[in-house]
Amino acid sequence: MDFEPSDDQRAICEAADALLAQHAGPARAAALDSAGGYDHELDAALASAGFSEAALGPETGFLEATLLCRAVARAAGCVAFGASALVAPGVTGRALPGPVALARLHDDAPIRFGADAKSLLLDCGDEARLLRIEPGTATRVRTNFMWPMGRVKQVAGAGTSLGGGSGAKLRRWWRVALAAELLGAMESALAITLDYVKRRRQFGRAIGSFQAVQHRLALATVMVEGTRWLTYEAAARGAPDESAALAAAHAADAAQLVFRETHQLTGAMGYTREHPLHVFSMRLAALRQEMGGLAAQRREVARARWASAEGARSEP
Amino acid sequence: MDFEWSPDDARFREALRQFLDDELPPDWEELSRHGPGSDVQAAFSRGFCAKLAERGWLTQSWPRAYGGADATPWRHAILSEEMWRRGEPRGSQYMNVNWIGPAIMKFGSEAQKRLHLERISRGAVLWCQGFSEPEAGSDLAALRTQALRDGDDYVVNGSKIWTSYVNGAEFCFLLVRTDPSSKRNKGITVLLAPMDAPGIEVREIPSVVGERYFHELFFADARIPVACRLGPEGEGWDVVSYALAYERVGAMRYARAALMLDAIAAHAQARGLADDPGVQEKLGAARAAVEAARVLSYRVIDLRARGSAPTADTNVARVAGTLCENAVSDLALELFGPDALEYGHAGDAYFRLAMTAGVAVGTTEINLNLIAGRMLDLPRE
Chain A
1 MDFEPSDDQR
11 AICEAADALL
21 AQHAGPARAA
31 ALDSAGGYDH
41 ELDAALASAG
51 FSEAALGPET
61 GFLEATLLCR
71 AVARAAGCVA
81 FGASALVAPG
91 VTGRALPGPV
101 ALARLHDDAP
111 IRFGADAKSL
121 LLDCGDEARL
131 LRIEPGTATR
141 VRTNFMWPMG
151 RVKQVAGAGT
161 SLGGGSGAKL
171 RRWWRVALAA
181 ELLGAMESAL
191 AITLDYVKRR
201 RQFGRAIGSF
211 QAVQHRLALA
221 TVMVEGTRWL
231 TYEAAARGAP
241 DESAALAAAH
251 AADAAQLVFR
261 ETHQLTGAMG
271 YTREHPLHVF
281 SMRLAALRQE
291 MGGLAAQRRE
301 VARARWASAE
311 GARSEP
Chain B
1 MDFEWSPDDA
11 RFREALRQFL
21 DDELPPDWEE
31 LSRHGPGSDV
41 QAAFSRGFCA
51 KLAERGWLTQ
61 SWPRAYGGAD
71 ATPWRHAILS
81 EEMWRRGEPR
91 GSQYMNVNWI
101 GPAIMKFGSE
111 AQKRLHLERI
121 SRGAVLWCQG
131 FSEPEAGSDL
141 AALRTQALRD
151 GDDYVVNGSK
161 IWTSYVNGAE
171 FCFLLVRTDP
181 SSKRNKGITV
191 LLAPMDAPGI
201 EVREIPSVVG
211 ERYFHELFFA
221 DARIPVACRL
231 GPEGEGWDVV
241 SYALAYERVG
251 AMRYARAALM
261 LDAIAAHAQA
271 RGLADDPGVQ
281 EKLGAARAAV
291 EAARVLSYRV
301 IDLRARGSAP
311 TADTNVARVA
321 GTLCENAVSD
331 LALELFGPDA
341 LEYGHAGDAY
351 FRLAMTAGVA
361 VGTTEINLNL
371 IAGRMLDLPR
381 E
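Going down the list, the protein sequences come from chains A and B.
Take the first sequence: its position 147, counting from 1, is numbered 147 in the numbering used here, and each next residue is one higher.
Take the second sequence: its position 299, counting from 1, is numbered 299 in the numbering used here, and each next residue is one higher.
If you're looking for bench data, these hints aren't it; they were derived computationally from the structure.
There could be a bad hint or two in this list.
Unchecked claim - With a cut-off of at most 25 angstroms between alpha-carbon atoms, the simulated SDA-like pairs for lysine to any residue come out as follows:
1. B:106 <-> B:134
2. A:198 <-> B:183
3. A:198 <-> B:377
4. A:198 <-> B:277
5. A:198 <-> B:369
6. A:169 <-> B:376
7. B:106 <-> B:4
8. A:198 <-> B:233
9. A:169 <-> B:30
10. A:169 <-> A:58
11. B:186 <-> B:152
12. A:198 <-> B:374
13. A:198 <-> B:56
14. A:169 <-> B:106
15. B:183 <-> B:153
16. A:169 <-> B:275
17. B:106 <-> B:179
18. A:198 <-> B:366
19. A:169 <-> B:153
20. A:118 <-> A:108
21. A:198 <-> B:311
22. A:118 <-> A:165
23. B:113 <-> B:73
24. A:169 <-> B:379
25. B:183 <-> B:124
26. B:183 <-> B:209
27. A:198 <-> B:53
Claimed, not checked - Where chain A lies over chain B, by a calculated footprint (3+ residues, C-beta under 8 angstroms):
28. 158-168
29. 290-298
30. 332-343
31. 350-358
Said to hold, decoys possible - Label pairs and their computed distance ranges (CB to CB):
32. A:34 <-> B:366: 28 to 36 angstroms
33. A:6 <-> B:345: 32 to 40 angstroms
34. A:125 <-> B:204: 54 to 62 angstroms
35. B:69 <-> A:292: 30 to 38 angstroms
36. A:269 <-> B:139: 30 to 38 angstroms
37. B:232 <-> A:10: 49 to 57 angstroms
38. B:118 <-> A:211: 42 to 50 angstroms
39. B:138 <-> A:125: 47 to 55 angstroms
40. B:343 <-> A:6: 46 to 54 angstroms
Even for Gly, the Cβ is constructed at its ideal location relative to N, Cα and C.
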């Protein structure tokens, strides 16, 4: 047992943070959002630094890829890093032509990066299928949730099967990636709010000095820190069923609280486009409904831990 | 980062489980439901801890100089998890090992070390702690119980309240005010008070938590020898801060919650509720709360293992532990149903154990205050 990052892990995270400080951030995410676009420049920068291949690297693995996924989310990166750098290698053992998007079968609802992706990993229950998205087959969707989103037309039996059992593998890594993205976005939403309540004065004092405010931020911190270690543990262990579901369920639960409290405590300012909170909070709201949302993640925890052989079913 | 147990640690846990299977009597599960303050459990802990001591496990975390094995904080955590999992057969003696002994090692005289450490490591002595008072709960520094020097004794007057584990206790780790003119955390002193000293009266406060759970201790001119003082006079606050920092994460109560939740899930399955989405959702939510408490407690152990000073991570783990116990005890009543209302049912016993989680050993509000101040750097004003 050892919860401290190794020197190498620390160096990777510092290098990533430096790159992200230059190529990402909430202001850039907001600008890209109004242009309706995907951050191909950031994708290229992450790839040329070798970060996109961390999961399958000679001296790095899925834990490092998860740490990077959290870092990209914390910097509001407008890229499909979780799907491309964590889920794709987790399911196929190789990198896929990116950006990569993730979807569930017969679910033609808007998905993140649907209009930008070249590859689609499709959860078909027992198996996962890999589809090439041809230009012009996806439509961009207007959204207020700060991710580029699109609808992808699904054709029955299209693409190639990744084999029996690959569906579960897809869902396990999808959960870990989702938890890491939620973690990163929650950390930034909380940091922005902490900064705000320390500076904002009412009744002659910083509002962050009121115990009613402090307790809510402290409780949110408890939830975020729980998410952190459940997520890293799941990644380090290779995304076992229960562990992956626990990370995603706890992350979705925490995100609900963090969304509500950060907006409550930043008041009207937090809703504006000039304030950075909305970039992270709206993303959190979108992320926590992914894969069926909190209720589905919790049911998966219960299934993974207690389902008897005959009770075990594959989703969806 | 590494989230796997070392092979040695895994073997230790296996050996411990085997020991518990061998040593706990067949009716232990039922005995344990009477609660840690009960006559049966107080008596049981003596024999049980003596056996743990024979195996070298009771005080394994202590330094070799005091008969321990310098076991790592991780080893100590495994011991605590396995004990709590099975209803804490050590009873109150976990306190002796976790912080009373270490405080005596740090601040005790040679005579105190000889008198207490050996008895603690044999598993042959019970302690209680005299901290809270009617007017000093979360605000412990407001304590008023007075101890005035008279020759070779302190003459103690006042009262302590909410004291647990008094049943059969031979000693009390007692906080008193030795300087009547002092305020707040100055002028406080620790006494290792023998409970049979004349002038100490014990009264049970009947409660819904369980048998002999809370007590009031009354001191009427109780004479405690000066030789029982731990550390310098007037510096008891430092002694107790050290002791409680040493305790850090405290009891690994989530381990009990985890086992209880497995039993609740099995019961739900037997009732045919395994496919009920609402039930699955609640079970999953509680399981996540249990596991979050586990990893956050591990974070504290990890910091301790690398020798870092105590941080508010301890308070984060404690709040998570309370959320975990709340989630599981809610389900205990809901899924066991009316059977759990009968005294002594597994659900009833767990409900009683868990209901004090947010209050005992520091309230949730105090923990949240400490997180806000120390971790989030929010202003006091």
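Verification of the supplied hints:
The straight-line distance between the Cα atoms of residue 106 of chain B and residue 134 of chain B is roughly 30 angstroms, outside the 25 angstroms bound, and the hint therefore fails. At roughly 31 angstroms between alpha-carbon atoms, residue 198 of chain A and residue 183 of chain B are farther apart than 25 angstroms, so this suggested pair is violated. Pair hint residue 198 of chain A plus residue 377 of chain B holds up; C-alpha atoms about 9 angstroms apart against a cutoff of 25 angstroms. This hinted pair does not check out: residue 198 of chain A and residue 277 of chain B have alpha carbons roughly 43 angstroms apart, beyond 25 angstroms.
This hinted pair checks out: residue 198 of chain A and residue 369 of chain B have alpha carbons roughly 15 angstroms apart, not beyond 25 angstroms. Distance check on the hinted pair: residue 169 of chain A and residue 376 of chain B sit about 38 angstroms apart at the alpha-carbon level, beyond 25 angstroms; violated. For the hint linking residue 106 of chain B to residue 4 of chain B, the alpha-carbon distance of about 33 angstroms lies beyond 25 angstroms, and the restraint is violated. The suggested pairing of residue 198 of chain A with residue 233 of chain B is violated, with an alpha-carbon distance near 40 angstroms, which exceeds 25 angstroms.
The suggested pairing of residue 169 of chain A with residue 30 of chain B is violated, with an alpha-carbon distance near 43 angstroms, which exceeds 25 angstroms. For the suggested pair residue 169 of chain A and residue 58 of chain A, the alpha carbons sit about 22 angstroms apart, so the restraint of at most 25 angstroms is met. Restraint check for residue 186 of chain B and residue 152 of chain B: the C-alpha separation of about 22 angstroms stays at or below 25 angstroms, so the hint holds. A C-alpha spacing of about 14 angstroms is found between residue 198 of chain A and residue 374 of chain B, which places the hinted pair at or below 25 angstroms, so the restraint holds.
Taking the CA atoms of residue 198 of chain A and residue 56 of chain B, the gap is near 51 angstroms; set against the 25 angstroms cutoff, the hint is violated. Straight-line distance between C-alpha atoms of residue 169 of chain A and residue 106 of chain B comes to about 52 angstroms, which puts the hinted pair past the 25 angstroms bound. A threshold of 25 angstroms between alpha carbons decides the hint, and for residue 183 of chain B with residue 153 of chain B the separation of about 23 angstroms falls inside it, so the pair holds. A threshold of 25 angstroms between alpha carbons decides the hint, and for residue 169 of chain A with residue 275 of chain B the separation of about 23 angstroms falls inside it, so the pair holds.
For the proposed pair residue 106 of chain B and residue 179 of chain B, the alpha carbon gap of about 23 angstroms is at most 25 angstroms, so the pair holds. Under the criterion of a C-alpha separation no larger than 25 angstroms, the hint pairing residue 198 of chain A with residue 366 of chain B is consistent with the structure, at around 20 angstroms. Only pairs whose Cα atoms come within 25 angstroms are accepted, and residue 169 of chain A paired with residue 153 of chain B is rejected, the gap being roughly 71 angstroms. Distance check on the hinted pair: residue 118 of chain A and residue 108 of chain A sit about 17 angstroms apart at the alpha-carbon level, within 25 angstroms; holds.
As the CA atoms of residue 198 of chain A and residue 311 of chain B are separated by approximately 21 angstroms, the hinted pair is consistent with the 25 angstroms bound. The suggested pairing of residue 118 of chain A with residue 165 of chain A holds, with an alpha-carbon distance near 24 angstroms, which does not exceed 25 angstroms. Proximity of residue 113 of chain B to residue 73 of chain B is assessed by CA-CA distance (about 22 angstroms); at most 25 angstroms being required, the pair is judged to hold. For the hint pairing residue 169 of chain A with residue 379 of chain B, the CA-to-CA distance comes to about 46 angstroms; that exceeds 25 angstroms, so the pair is violated.
Proposed proximity of residue 183 of chain B and residue 124 of chain B is contradicted: the alpha carbons are some 37 angstroms apart, above 25 angstroms. Of the pairs offered as hints, the one joining residue 183 of chain B and residue 209 of chain B is violated, with about 34 angstroms between alpha carbons and a cut-off of 25 angstroms exceeded. A threshold of 25 angstroms between alpha carbons decides the hint, and for residue 198 of chain A with residue 53 of chain B the separation of about 52 angstroms lies outside it, so the pair is violated. Given as covered by chain A, the segment 158-168 of chain B fails the check, having 0 residues with a CB less than 8 angstroms from a CB of that chain where 3 are the minimum.
Coverage of a stretch by a chain is defined here by at least three residues with a beta carbon nearer than 8 angstroms to that chain's beta carbons; for the segment 290-298 of chain B and chain A the count is 6, and the condition holds. Beta-carbon proximity to chain A at under 8 angstroms applies to 0 residues in the segment 332-343 of chain B; the threshold of 3 is not reached and the given coverage is violated. For the segment 350-358 of chain B, the assignment as covered by chain A is violated, since 0 residues bring a beta-carbon within under 8 angstroms of that chain's beta-carbons and 3 are needed. Taken as a hint, the range 28 to 36 angstroms is violated for the pair residue 34 of chain A and residue 366 of chain B, whose Cβ atoms sit roughly 46 angstroms apart.
The hint said 32 to 40 angstroms for the Cβ distance between residue 6 of chain A and residue 345 of chain B, and at roughly 48 angstroms that hint is violated. Between residue 125 of chain A and residue 204 of chain B the C-beta distance comes to about 60 angstroms, which sits within the given range of 54 to 62 angstroms. Between residue 69 of chain B and residue 292 of chain A the beta carbons are some 49 angstroms apart, a value that contradicts the proposed interval 30 to 38 angstroms. Between residue 269 of chain A and residue 139 of chain B the beta carbons are some 36 angstroms apart, a value that agrees with the proposed interval 30 to 38 angstroms.
For the pair residue 232 of chain B and residue 10 of chain A, the beta carbons lie near 43 angstroms from each other, so the given range of 49 to 57 angstroms is not met. Take residue 118 of chain B and residue 211 of chain A: their Cβ atoms lie about 46 angstroms apart, and the range 42 to 50 angstroms holds. Remark: the range hint 47 to 55 angstroms for residue 138 of chain B to residue 125 of chain A is upheld by a beta-carbon distance near 53 angstroms. Between residue 343 of chain B and residue 6 of chain A the beta carbon distance is about 52 angstroms. The supplied range of 46 to 54 angstroms therefore holds.
When each numbered hint is compared with the structure, violations occur for hints 1, 2, 4, 6, 7, 8, 9, 13, 14, 19, 24, 25, 26, 27, 28, 30, 31, 32, 33, 35, 37.
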